[in-house]
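Asks: Now for the letters of each chain:
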Amino acid sequence: MTNLNININQVELTETVGNIFADNAKMSIRDANVFYGDKQAIHNVSLDLAKNQVTALIGPSGCGKSTFLRCLNRMNDTIDICRVSGQLMLDGEDIYAKGLDPVLLRARVGMVFQKPNPFPKSIYDNVAYGARIHGLTNSKAELDEIVESSLQKAGLFNEVKDRLKDPGTGLSGGQQQRLCIARTIAVSPEVILMDEPASALDPIATAIIEELIDELKEKYTIAIVTHSMQQAARVSQHTAYFHMGKLVEMGKTEDIFTRPTHKLTENYITGRFG
Amino acid sequence: MTNSTTNNTSSTIKTAKPSTQKSTKVNNTMSSTTEKVALSLKKRHQKENRFKAFGLFSVLFGFMLVVILLGDITSKALPAFHQHWVKLDINYQGDWLGIDERLSGYELTKQLKGANFRAVLKNSIYPMFVDEQTPKLSRRDKRAVFKLFSTNGEFTIRDALLASPEDFNQTVSIWIKLDDDVDVYLKEGFALGEAGLRINEKQAHWVAKLQREQRIESRFNVGFFTASDSREPELAGVRGALTGTLLTMFVTILLSFPLGVAGALYLEEFAPKNRITDLIEININNLAAVPSIVFGLLGLAVIINVFGLPRSAPLVGGIVLTLMTLPTIIIASRAAIKAVPPSIREAALGLGASKMQVTFSHVLPQAMPGIITGAIIGIAQALGETAPLLMIGMVAFIVDVPTSIVDSATVLPVQIFLWADSPERAFLAKNSAAILVLLTLLLVINVTATVLRSKFEKK
Numbered sequence: 031m032t033n034l035n036i037n038i039n040q041v042e043l044t045e046t047v048g049n050i051f052a053d054n055a056k057m058s059i060r061d062a063n064v065f066y067g068d069k070q071a072i073h074n075v076s077l078d079l080a081k082n083q084v085t086a087l088i089g090p091s092g093c094g095k096s097t098f099l100r101c102l103n104r105m106n107d108t109i110d111i112c113r114v115s116g117q118l119m120l121d122g123e124d125i126y127a128k129g130l131d132p133v134l135l136r137a138r139v140g141m142v143f144q145k146p147n148p149f150p151k152s153i154y155d156n157v158a159y160g161a162r163i164h165g166l167t168n169s170k171a172e173l174d175e176i177v178e179s180s181l182q183k184a185g186l187f188n189e190v191k192d193r194l195k196d197p198g199t200g201l202s203g204g205q206q207q208r209l210c211i212a213r214t215i216a217v218s219p220e221v222i223l224m225d226e227p228a229s230a231l232d233p234i235a236t237a238i239i240e241e242l243i244d245e246l247k248e249k250y251t252i253a254i255v256t257h258s259m260q261q262a263a264r265v266s267q268h269t270a271y272f273h274m275g276k277l278v279e280m281g282k283t284e285d286i287f288t289r290p291t292h293k294l295t296e297n298y299i300t301g302r303f304g
Numbered sequence: 002m003t004n005s006t007t008n009n010t011s012s013t014i015k016t017a018k019p020s021t022q023k024s025t026k027v028n029n030t031m032s033s034t035t036e037k038v039a040l041s042l043k044k045r046h047q048k049e050n051r052f053k054a055f056g057l058f059s060v061l062f063g064f065m066l067v068v069i070l071l072g073d074i075t076s077k078a079l080p081a082f083h084q085h086w087v088k089l090d091i092n093y094q095g096d097w098l099g100i101d102e103r104l105s106g107y108e109l110t111k112q113l114k115g116a117n118f119r120a121v122l123k124n125s126i127y128p129m130f131v132d133e134q135t136p137k138l139s140r141r142d143k144r145a146v147f148k149l150f151s152t153n154g155e156f157t158i159r160d161a162l163l164a165s166p167e168d169f170n171q172t173v174s175i176w177i178k179l180d181d182d183v184d185v186y187l188k189e190g191f192a193l194g195e196a197g198l199r200i201n202e203k204q205a206h207w208v209a210k211l212q213r214e215q216r217i218e219s220r221f222n223v224g225f226f227t228a229s230d231s232r233e234p235e236l237a238g239v240r241g242a243l244t245g246t247l248l249t250m251f252v253t254i255l256l257s258f259p260l261g262v263a264g265a266l267y268l269e270e271f272a273p274k275n276r277i278t279d280l281i282e283i284n285i286n287n288l289a290a291v292p293s294i295v296f297g298l299l300g301l302a303v304i305i306n307v308f309g310l311p312r313s314a315p316l317v318g319g320i321v322l323t324l325m326t327l328p329t330i331i332i333a334s335r336a337a338i339k340a341v342p343p344s345i346r347e348a349a350l351g352l353g354a355s356k357m358q359v360t361f362s363h364v365l366p367q368a369m370p371g372i373i374t375g376a377i378i379g380i381a382q383a384l385g386e387t388a389p390l391l392m393i394g395m396v397a398f399i400v401d402v403p404t405s406i407v408d409s410a411t412v413l414p415v416q417i418f419l420w421a422d423s424p425e426r427a428f429l430a431k432n433s434a435a436i437l438v439l440l441t442l443l444l445v446i447n448v449t450a451t452v453l454r455s456k457f458e459k460k
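Protein chains in written order, with my numbering: chain R, 31 to 304; chain Z, 2 to 460.
The following block holds chain R by itself, in its conformation from the complex (with noise of 0.2 Å):
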């Protein structure tokens, strides 16, 4: 099954080892293919999300673990010469179905960037913005308790709470990201989706998003791209790894650190390429 004897630029992979079923999926994807023009950046991958529970996304840079994220959430329809063909379903629906707008799509798969991006605007507004815009609420009241929510959720409201009308942007860089998220929650999606949310932060502020990450597992299905491996290993149950645009191997996040089956997984998780 596995070709212990590699180069790793001239592998071949057929099929991912592990186990990329989960008991309650709540995002299936079966047979994904990628395409940027004519070249495939996406073969074949098929893996579930398991709900409540956080699945890492791992692997070398270009590997195409961060285009298979935005494939969650149609975020690869904004770039034109983009094409996605398999089966990529949310609580059984095909979120490719012809009918489907991605915009409920994405109110109910929410994202968080690798850059925090707040809005120009106040810290409030960045909050309410999509609950204002999706028309979530009909009051004033209700809309600040939204806004309170969910910056408590992300951690965040303490250090704001007395000046949610300065600008969003003012904040440090683990503040900005946290109020990403809890913009994100706001809308209340069911999957959030993270694009290496900490590779901008320090250690301090790493630590405070990962704890944040472990809370939000609660309520939400959390699929993470990261580049630390100590950072997959810390919130995720499950892991996949990534190699040049085909899911190697995939399975629970304990034993892809301690017993991995593929060679290009462990040279990976050993530090010896990547």
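Accuracy of the hints is not assured; some may be wrong.
[Unchecked claim] Below, simulated SDA-like cross-link-like pairs (lysine to any residue); rule was C-alpha separation at most 25 Å, straight line: (1) Z:K356 with R:G67; (2) Z:K356 with R:T288; (3) Z:K356 with R:S218; (4) R:K247 with R:D192; (5) R:K145 with Z:S76.
[Stated by the list, open to error] Restraint-style ranges between C-beta atoms, simulated for each label pair: (6) R:S202 with Z:L79: 56 to 64 Å; (7) R:N168 with Z:L71: 41 to 49 Å; (8) R:Q70 with Z:V60: 38 to 46 Å; (9) Z:A340 with R:Q70: 48 to 56 Å; (10) R:A127 with Z:N306: 52 to 60 Å; (11) R:A127 with Z:S405: 36 to 44 Å; (12) Z:A340 with R:D196: 19 to 27 Å; (13) Z:F361 with R:R193: 37 to 45 Å; (14) R:D196 with Z:K43: 27 to 35 Å; (15) Z:I281 with R:Q70: 30 to 38 Å; (16) Z:S405 with R:A171: 32 to 40 Å; (17) Z:I281 with R:N297: 45 to 53 Å; (18) Z:T451 with R:A171: 35 to 43 Å.
[Claimed, not checked] In silico contact screen, one side only, chain R against chain Z (beta carbon under 8 Å); selected entries: (19) F143; (20) Y159; (21) L166.
Rather than coming from a laboratory, the hints here were simulated on the basis of the structure. The structure presented is a predicted model; accordingly, all values stated were derived computationally and were not measured. The beta-carbon is built from N, C-alpha and C at its ideal position, and this holds for glycine as well.
We have chain R; now place chain Z onto it with these hints.
Replies: Here is chain Z on its own, set in the frame of chain R:
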């Protein structure tokens, strides 16, 4: 100083690693690098200093030109802001007016409207100029005397009498404007016989006499701002042209800003990137380079002749200037929209905002400062535009102040062009004053834009 540092560094390196041959080699290359860098440093600094000096020179040169231009215009314009008036003793005699002396009340006012005030003016002033030098005025003298005063003198005295009909059959002192030639003579202080002087020795003598009697007074020229164009320089003002400019700009801003911004937003955010949009983009860039008079021809051929909109109207002028301004606004707006970081769009899209919501609540506010800057460049260009307006008839001699966008009107740049074409010397100052008014208008628009922009930037 540079040299000593270089030596120090190299010697430290040498003493630090004296043992192996390899390190000496590294050493050599390192010290030679330092030396080479040190050598080239002087040249690089020289280059930088040369460029800085050149940049400073160009800034100062540009500043100097602006100062010279403004100084020249202002100094030439100043005389236009005041004007000489003369006090005349007017005798409203019934027989000069050609109406019955016994009339009064409503009947009098009615008759006064058609009365012969020119005769009153003439008969009142001729005696003032009889002295030992000219005991009796000849016909020529009379004409010369009459020419000293503005042609609207008779209307001034008519209005004065209509305002207070009780002065009928009385002699009262009334201030009227002097003719522009006398005005220029008094302002510029010509020596008699000098070229360009349009009054003769006798007239100069009479003016001196009026001055001796303290009948001449220099006043602030209110008429310059309240009157419209006139053939007589002492009566001409900028109000008509200024109103025309404001109306035209109103139409231009109202059309070009929303159209330009909508076009730019569509092309940047919504339009598919294909050959057709490429073609559109190339053509917009080409339009920006089309000579403005061509837009004027288009306005004449299509807007006036095909659609039948009125000639000389600010509406048509505004449409033509919109055509001219649109490419500038679209190009600047597209650049500003492109500069909005994609992360902001992604953040909003990721929350489930629709494209429309992303565009209007994030992209547009962020791009607004840049869009306003572009719009101001375009509108300032339109404000100073003359050529296309000539083609659509806004060059006509229009005495009435326009009251709507379909009235006949002219604009300030065209007014300046018209006055520059006039032979009367007094128009020189008027012209510079009109330029000052135009520049002030430009300044007002720019300041407004800057205030608006900083408001958007704060948000």
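Asks: Are the hints correct? Go through all of them and say.
Replies: Now for the hints, and whether the structure bears them out:
no.: 1; hint: Z:K356 with R:G67; result: holds (23 Å)
no.: 2; hint: Z:K356 with R:T288; result: violated (45 Å)
no.: 3; hint: Z:K356 with R:S218; result: holds (21 Å)
no.: 4; hint: R:K247 with R:D192; result: violated (28 Å)
no.: 5; hint: R:K145 with Z:S76; result: violated (58 Å)
no.: 6; hint: R:S202 with Z:L79: 56 to 64 Å; result: holds (59 Å)
no.: 7; hint: R:N168 with Z:L71: 41 to 49 Å; result: violated (60 Å)
no.: 8; hint: R:Q70 with Z:V60: 38 to 46 Å; result: violated (55 Å)
no.: 9; hint: Z:A340 with R:Q70: 48 to 56 Å; result: violated (33 Å)
no.: 10; hint: R:A127 with Z:N306: 52 to 60 Å; result: holds (55 Å)
no.: 11; hint: R:A127 with Z:S405: 36 to 44 Å; result: violated (57 Å)
no.: 12; hint: Z:A340 with R:D196: 19 to 27 Å; result: holds (24 Å)
no.: 13; hint: Z:F361 with R:R193: 37 to 45 Å; result: violated (27 Å)
no.: 14; hint: R:D196 with Z:K43: 27 to 35 Å; result: violated (50 Å)
no.: 15; hint: Z:I281 with R:Q70: 30 to 38 Å; result: holds (33 Å)
no.: 16; hint: Z:S405 with R:A171: 32 to 40 Å; result: violated (50 Å)
no.: 17; hint: Z:I281 with R:N297: 45 to 53 Å; result: holds (52 Å)
no.: 18; hint: Z:T451 with R:A171: 35 to 43 Å; result: holds (40 Å)
no.: 19; hint: F143; result: holds (6 Å)
no.: 20; hint: Y159; result: holds (7 Å)
no.: 21; hint: L166; result: violated (11 Å)
Of the numbered hints given earlier, the model fails hints 2, 4, 5, 7, 8, 9, 11, 13, 14, 16 and 21; all others are met.
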